[in-house]
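Asker: Residue-level listing of the chains:
There are 2 protein chains.
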Amino acid sequence: MPDGDMLHTASLATPSLTTSLSASSDRAEPRAAPPSAPWQVISARKVAERQARLDAHPEWQLEAEAVPDAQVKDVSTITTLQLTARELDIVTKHDATALVEALRLRKFTAVEVLKAYCHAASIAQRVTNCLTEIFFDEGLERAAELDRHLEETGQVVGPLHGLPFSIKDHVKVKGHDTATGYISWAFKTVSDKDAVAVDILRRAGAVLYVKTANPQTLLSLETNNNIYGRTLNPFNRDLSPGGSSGGESALIALHGSPMGLGTDIGGSIRIPAAHAGLYGLKGSVARMPHAGLMGSHDGMDAILGALGPIATSARDLALFCRVMLQYEPWLIEPPLLEIPWKQNVIEGEGIQKKLCIAILWDDGVVRPHPPILDALKRTKNALLRAGHEVIDWEPVDHRYSWDLITKMYFLDGGEEYRETMRKDPPVPQSEWILAQVPNDGKPYDVADIFKINLEREAFRVKVATHWNATRSRTGTGRSVDAVLSPVAPTLAPPHDSTRWWGYTSYWNLMDFPAAVFPLGRFAPEDNRSLDVSADLPPVGQPRNPEERFISEQWNPETYKNAPISLQLIGRRLNEERVLGMLERVEEALRLAEGSGSGSDKNFSCVTL
Amino acid sequence: MPDGDMLHTASLATPSLTTSLSASSDRAEPRAAPPSAPWQVISARKVAERQARLDAHPEWQLEAEAVPDAQVKDVSTITTLQLTARELDIVTKHDATALVEALRLRKFTAVEVLKAYCHAASIAQRVTNCLTEIFFDEGLERAAELDRHLEETGQVVGPLHGLPFSIKDHVKVKGHDTATGYISWAFKTVSDKDAVAVDILRRAGAVLYVKTANPQTLLSLETNNNIYGRTLNPFNRDLSPGGSSGGESALIALHGSPMGLGTDIGGSIRIPAAHAGLYGLKGSVARMPHAGLMGSHDGMDAILGALGPIATSARDLALFCRVMLQYEPWLIEPPLLEIPWKQNVIEGEGIQKKLCIAILWDDGVVRPHPPILDALKRTKNALLRAGHEVIDWEPVDHRYSWDLITKMYFLDGGEEYRETMRKDPPVPQSEWILAQVPNDGKPYDVADIFKINLEREAFRVKVATHWNATRSRTGTGRSVDAVLSPVAPTLAPPHDSTRWWGYTSYWNLMDFPAAVFPLGRFAPEDNRSLDVSADLPPVGQPRNPEERFISEQWNPETYKNAPISLQLIGRRLNEERVLGMLERVEEALRLAEGSGSGSDKNFSCVTL
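Each protein sequence line maps, in turn, to chains A and B. Numbering-wise, the first sequence is residues 1 to 608 according to UniProt numbering. Numbering-wise, the second sequence is residues 1 to 608 according to UniProt numbering.
Bound-form chain A, shown alone (with noise of 0.2 Å):
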């Protein structure tokens, strides 16, 4: 499997063993694979597992005709084809505001609305790979609930009542497994507790229904483990939906569901968001949930992760991150900041007409591939027809914030991974963040622990002080409002080969918010010459060996049909005002070039 192609991930998703499971009940006992046994072992029934609980819906299924060859590339559009017209009303023509407000209003009742979503769940794993535990009868349950309580009462529960919500796997989610793409955790980490962030999904009436796959380590941007194999990438299945939360993009992509639960520490919302052409926010640490997460090095905080939404819509990323801080998850999350949501930012409160917003256009380490230059430049251009002002961003040690963040990473030298996958080999990406372990893989001491740490704040203040001084440099009498940068040199990259994240752990490192967005989909066709030479020097001679190997990567045939997306990052704990400058650019694209920008839900225009 570390080496699977997409065909062995594929024949994974049918095994033969199914018929050894329940696949009448959503609380089968897991019968736990005994600790000796090979990881193939563990593997097949965990996929075994979840091929039952797709079989007790076969309503839902791909009837066996309409299931895609493996050398058809593009099955974006096959969920919309097996639907029915009122379920692709419902999944395709509703983001999750529009959707709660339908279920309010009572358009849609709870159930039709999970069963909708459930059936281009079935399909989006037949063809994806994404999921990893499958609940349909319990978010059935819950949702007929919701629709009585909502009769009987008049009243909603709370602010998502009815709104189908996909959970990352690592996230707990009581009474499911949480094997986080580990083989030593599968059948062994069945939650008997929510996450701080699902409990209050759950308040607010959100349905669960489904956990989507993460990749082993959960530190690689595509997704990919022993357990399930590898998820695809549905607007072109040879390459990669992002990682580590690609489960979910590859999921909402194929509106298998409204929104969905990620988590970034170095680009994991974010990544996935961009791959698959949707909206996602990394918020800055501790605004968020974030307590009721398995995975590695807990109690490390030198370096933090962020919760945050996937979602089809930028409104969707401000719906989330409100309902989560109406609950006040500070009182019993301690890390947590006690910081009210701001709506009225996002709404433009403090919001200058005038912008200025400086973009990153090269790294310094890795440059992007021409579509990702066009987009900074369409977007450039829509700015400042606008009225906004643009600067370039003169980039600041990428390179060290890489080699300073996997020290942080991997502050125990990489030992807790190690033993955790003791028999879990090491799929390629794992293999090689590995290889990225600094200190020659031996943990660091306090002395090294408290150095690195200050090394930390030197950089934050170097950035900060640079950010600051954009001053003498707009014509706002304000630093820049926002940078805009790519979200990764390259657009979804084939499977296994991501080299360079430096474009998303830099604001991790930052601890500063942004937000993805699309701007539509590649063509190689349009691959016109892209004239960015008034904003760019040429490069010459690749810089490194990141660089040689993603430019030698650029060959438009790779990547027909990729989403292209962008980030917007602001000031740290500034969410709401990146989603409110959001908006900002997003109007200026739409002026700019009609409605071609990303928040057309189907993706039907496909711009460059």
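Rather than coming from a laboratory, the hints here were simulated on the basis of the structure. Incorrect hints may have been included.
Same chains, same label: a pair holds when it works inside one copy or across any pair of copies.
To be verified - Heads up, simulated SDA-like pairs for lysine to any residue below, C-alpha to C-alpha not over 20 Å straight-line:
1. Lys451 <-> Tyr400
2. Lys377 <-> Glu431
3. Lys451 <-> Gly299
4. Lys462 <-> Asp298
5. Lys451 <-> Phe135
6. Lys451 <-> Ala302
7. Lys193 <-> Asn468
8. Lys193 <-> Phe459
9. Lys354 <-> Phe459
10. Lys188 <-> Arg422
11. Lys193 <-> Leu454
12. Lys451 <-> Thr80
13. Lys193 <-> Arg460
14. Lys377 <-> Gly594
15. Lys451 <-> Ala291
16. Lys462 <-> Ala302
17. Lys462 <-> Ala286
18. Lys107 <-> Glu152
Computed from a predicted model, the values in this text were never measured in an experiment.
Please build the complex by placing chain B on the supplied structure of chain A, with the hints as guidance.
Answerer: Chain B alone, transformed into the frame defined by chain A:
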């Protein structure tokens, strides 16, 4: 000096070496002692340099016949006996808030205000040994500049225009030494930069003129070091003014400064404020600027300190915070939280008319001495009379909290302290704290550190859950609004006798804000029998060695004239709410006891 008594300390304050140093300039080049010099030589040079700065202004020095004998314990009125009526008006009739208003209205000039404080500070130094770096002339130059500016423009330079402000020694002030009570740092730590908070003070118009004593290691709730010897409590020189910000408390209590900068990682603002009858605020970590401090363990962030004010009124605490955040320090100091100061909360917004306050009578480790229990009882009765609700706070894990926080203080096994103090023998309180070093003085490894961080988080969850659960015991429909607690189990202790930090360090571990406020001074003749039996079961045998030591220490005569204080504690990041509620508590006390609350700057009313 480690065992130096008061007389020894007093003699150090008038050394015989003054003639070897320039007495005329604030900017005399310090003459560093050779690195191999014994600590006594370095100490003598620092003390002589300080004396020279005082000698440059004989007009402010106490005349020989006015210097009290060592037998005189209460020196708290000595400033008022020496100052002119106008000087007295400035330093005793105005808190900082009133003073900046008077300066703005040109009732006083900045120069005359500073001169009055320099006069009082010179006397305070003579009788309590509270100062370290003295730069009166630099302050006078700045004050004159400010006067000219106001004269010429009609505008103040900022909200603290002309306000003298004293700075704890370990906080960097440009051009001055930052010896921090360490022999090995003396003469070697002249800062080329202001700490962020100091920089803001300057920009706001504050006038700097002195730095104040802190103890060796800073990890002490008294103030003693081998450079200057110990600092004395002006109300009773046999007692400590507290620490580690004890130079501040002695100085401010003697009207030698209207407000000062302290820091607190275990009680170091609150204890000196309490022992000197002042107001002090330890806010949550990262609310106030904190960059630019000298201290041990830079880069250790398992537990962090908070910088905050010591002042003579509750409203001055708010003034300080408001001014600090007005300058948006989060833009230059990345760890700071962008949470603007909410003055409207202090003014009552969102603070319910009827509060429910929980009283911590006894932390389960060391029962407080009778005057402290009595102060709790008085405040309880006053709160009830004012219509508030009062319940008991059940203590949770105070002993455990101490064992846990000492692990974080000494993650490196105390190595850095031992290294810094190689030629600097530990003063008694350093000896005591270094005897608390866990793990047999060995550094923790990375796995230990992750575990300690998890223990900290579990502790925080446990206490937060406990706080939330009070909801079932209040009549307000909310959990308790605040906890009212002793600051220490004793009033200002005899020198070298502090044995229990649990009443303060607990709230550092929780990162909850706490404000200290005064309730008068203790008169042994008023040591009436305290009837707290209804509230408290008898302890019986001491529960542990600390309690045995402290209970045996109780003798009314020992604490003659010592200030009585309490602290009010709120939820994390609710600094404004704590100060808003403190106003209610003080109002209740005023109602119940007439003018007896501590808000009288002269402490003329000794109540019990």
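Asker: Hint by hint, say whether it matches the structure.
Answerer: Each hint tested on the structure:
For a Cα distance limit of 20 Å, the shortest separation of Lys451 from Tyr400 inside one copy, 15 Å, qualifies, whereas the shortest one across copies, 29 Å, does not. In the homo-oligomer, the alpha carbons of Lys377 and Glu431 never lie at most 20 Å apart, since the shortest distance is 35 Å inside one protomer and 65 Å across protomers. Taking the shortest Cα distances, Lys451 and Gly299 sit within 20 Å of each other both inside one copy (18 Å) and across copies (6 Å). Proximity of Lys462 and Asp298 under a CA criterion of 20 Å is satisfied inter-copy only: 18 Å between copies versus 29 Å inside one chain copy.
For the homomeric pair Lys451 and Phe135, neither the shortest alpha-carbon distance inside one copy (47 Å) nor that between copies (34 Å) is at most 20 Å. Both within a single protomer and between protomers do Lys451 and Ala302 lie at most 20 Å apart by alpha-carbon distance, with minima of 11 Å and 14 Å respectively. Only between protomers do Lys193 and Asn468 lie at most 20 Å apart by alpha-carbon distance; the minimum there is 19 Å, versus 44 Å within a single protomer. For the homomeric pair Lys193 and Phe459, the shortest alpha-carbon distance between copies (19 Å) is at most 20 Å, but the shortest distance inside one copy (38 Å) is not.
Taking the shortest alpha-carbon separations for Lys354 and Phe459, neither the intra-copy value of 30 Å nor the inter-copy value of 47 Å comes in at or below 20 Å. Taking the closest pair of Cα atoms, Lys188 and Arg422 come within 20 Å of each other only inside a single copy of the chain (16 Å); across copies the shortest separation is 52 Å, beyond that limit. Taking identical chains as interchangeable, the C-alpha atoms of Lys193 and Leu454 lie at most 20 Å apart only when they sit on different chains, with a minimum of 18 Å there against 36 Å within one chain. For a Cα distance limit of 20 Å, the shortest separation of Lys451 from Thr80 qualifies neither inside one copy, at 54 Å, nor across copies, at 49 Å.
Only between protomers do Lys193 and Arg460 lie at most 20 Å apart by alpha-carbon distance; the minimum there is 19 Å, versus 36 Å within a single protomer. Taking identical chains as interchangeable, the C-alpha atoms of Lys377 and Gly594 lie at most 20 Å apart only when both belong to the same chain, with a minimum of 16 Å there against 71 Å between chains. Taking the shortest Cα distances, Lys451 and Ala291 sit within 20 Å of each other only across copies (16 Å), while inside one copy they are farther apart (27 Å). In this assembly of identical chains, Lys462 and Ala302 lie within 20 Å of each other by CA distance solely inside one copy; the values are 18 Å within and 23 Å between copies.
When the C-alpha separation of Lys462 and Ala286 is checked against a cutoff of 20 Å, the pair qualifies only between copies, where the shortest distance is 18 Å, while the shortest distance within a copy is 22 Å. Taking the closest pair of Cα atoms, Lys107 and Glu152 come within 20 Å of each other only inside a single copy of the chain (16 Å); across copies the shortest separation is 70 Å, beyond that limit.
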